[in-house]
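Asks: Now for the letters of each chain:
2 protein chains.
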Amino acid sequence: MAFDDLELPSGNERDVIGGAATYASYAASVFAPVRIVAVVGDDFPEATLEAMRARGIDTEGVERAHGKTFRWAGRYDADLIHRTTLDTQLNVFASFRPKLPASYRDTQLVLLGNIHPALQLDVLEQVRAPRLVVADTMNFWIKGEPAALGALLKRIDILIINDEEARLLSGVHNIRKAAKEILSRGPKRLVIKRGEHGALLFDEEGVFAAPGFPLEDEVDPTGAGDSFAGGFLGYLAGQSEIGPLAFRRAMLHGTATASYCVEAVGTKRVGSLSRSDVTARVNAIRALYEFGASSM
Amino acid sequence: MAFDDLELPSGNERDVIGGAATYASYAASVFAPVRIVAVVGDDFPEATLEAMRARGIDTEGVERAHGKTFRWAGRYDADLIHRTTLDTQLNVFASFRPKLPASYRDTQLVLLGNIHPALQLDVLEQVRAPRLVVADTMNFWIKGEPAALGALLKRIDILIINDEEARLLSGVHNIRKAAKEILSRGPKRLVIKRGEHGALLFDEEGVFAAPGFPLEDEVDPTGAGDSFAGGFLGYLAGQSEIGPLAFRRAMLHGTATASYCVEAVGTKRVGSLSRSDVTARVNAIRALYEFGASSM
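Residue numbers (this note's numbering), protein chains in the order written: chain A, 1 to 296; chain B, 1 to 296.
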């Protein structure tokens, strides 16, 4: 969980509540009860945790440490695609060792956020018998912690990364070959996020493409990828059977949830979504590639 | 029509037969008889024109002028996305004024390649009663000839450009708003090409997304956009009714044709495609976003 200072084309925003766990939890809470594990400092507003609980997010796993909350500052280009990190202050996150409350140990679906792969493995050890484990990672760990990341890959069901990360991790530029290489290292499925262009799912059944939804109002892409992961896993949490069909539907629900996230600053939109909002957007995305009358 | 000198990740290729008219004609010839209008110099091989005729392309409109054929030299980055123009020699193209043979005047479907918009209009004047007019353009004309381009837009049915060009032409970054603005200037439909990410069709019926096909072997993207336009219009030429459904199917056929183009240097692959090759790729693209058993 974090404070973000954002320089957006629409203006500057300070002290925006952010962080991957925040975005993913809000997104998943549209579909299912959520349990969050994170750290905040003394300065983090209790009202935010209260608001999360009101959305069905169990915040028992949010540790309040002495010191300041993690802070990120970034500047987006006019295209909202490229961004520059202006400042990162780890603060209480620097010494964070995630500890699951006892009540979390029976969690069935686990999303391992983007932290040191050894810590991701440590979190996984604390879950008794997960049905599905999804992990995110980033260039920093791909380059700096290949061994720990390799061990993690053998333990997860799905890796969710972007196309640049997939190329770096696999050492292959071609995205189809990169996917094949990554799947050979452990995960049964790979999701490659491509920003405004949607996302690809690679698995034994083949490739599935969820197109990006062309938005009228793009405001703030911060947290869109985390909202995708939250929406993806939240949707699956509500399914009795988690098979190829459910994963394909989850791709559209993740894409839909992420598209809403971009429409407002911070978690403003993704934190107030209803299930019917997401269903409407999923239908609009499906209409993007339907033929004839149904797409009119 | 052109000679291209290409620096590709797979190696350098000199004197590759290229040019928008060449790629688009080969692509369209998979579906329907084609008439090409272009200029070549003394140095252009008659064997290429013979090969085109063997594919059902009428080359009566190819003018052979004294001098050298247009030549382009470019270098592709390892990602095959970014490219740098190293050299452009207009040669006989500099004084080219397209003249349609009398036998071409009854042409029903017209693709106006990327030349000065005043010349595009001039070509259009030479066609008696076209059913469908499609045009391409580029940054150079958008910036340098806005009045002539504005006049052209009022006379065409479909504009096919890439996302950068759409943003420049409309003055709007958001792609949906950019499309709305461009459609207000004349064309009934707008196709926005997005390279490996496929293409979007905007019209009164809404938005249609043709996803890019993730290829195992990307070799040379030169001419892919022209192959898309040729495949798109060629497919339509074979349809008895050209309505929203046909346009949507044409998007997939254009994408499929373009995807083959990228698999080999120059026109090698797009110049030897069969209709069943394209159908197979269209099915593979549709499988990208199908659910359940049919996508396995």
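Careful: at least some of the hints might be erroneous.
A pair counts as met if it fits within one copy or between any two copies, since identical chains are not told apart.
Once the Cα atoms are required to be at most 20 angstroms apart in a straight line, the calculated SDA-like pairs of lysine to any residue come out as [what the hints assert, rightly or not]:
1) Lys154 <-> Val127
2) Lys68 <-> Asn91
3) Lys177 <-> Ala287
4) Lys180 <-> Glu263
The set of hints was computed from the structure by calculation and includes no laboratory data.
Asks: For every hint, state whether the structure bears it out.
Replies: Here is what the structure says about each hint:
| no. | hint | verdict |
| --- | --- | --- |
| 1 | Lys154 <-> Val127 | within (16 angstroms within a copy, 64 angstroms between copies) |
| 2 | Lys68 <-> Asn91 | within (5 angstroms within a copy, 66 angstroms between copies) |
| 3 | Lys177 <-> Ala287 | between (30 angstroms within a copy, 19 angstroms between copies) |
| 4 | Lys180 <-> Glu263 | between (34 angstroms within a copy, 19 angstroms between copies) |
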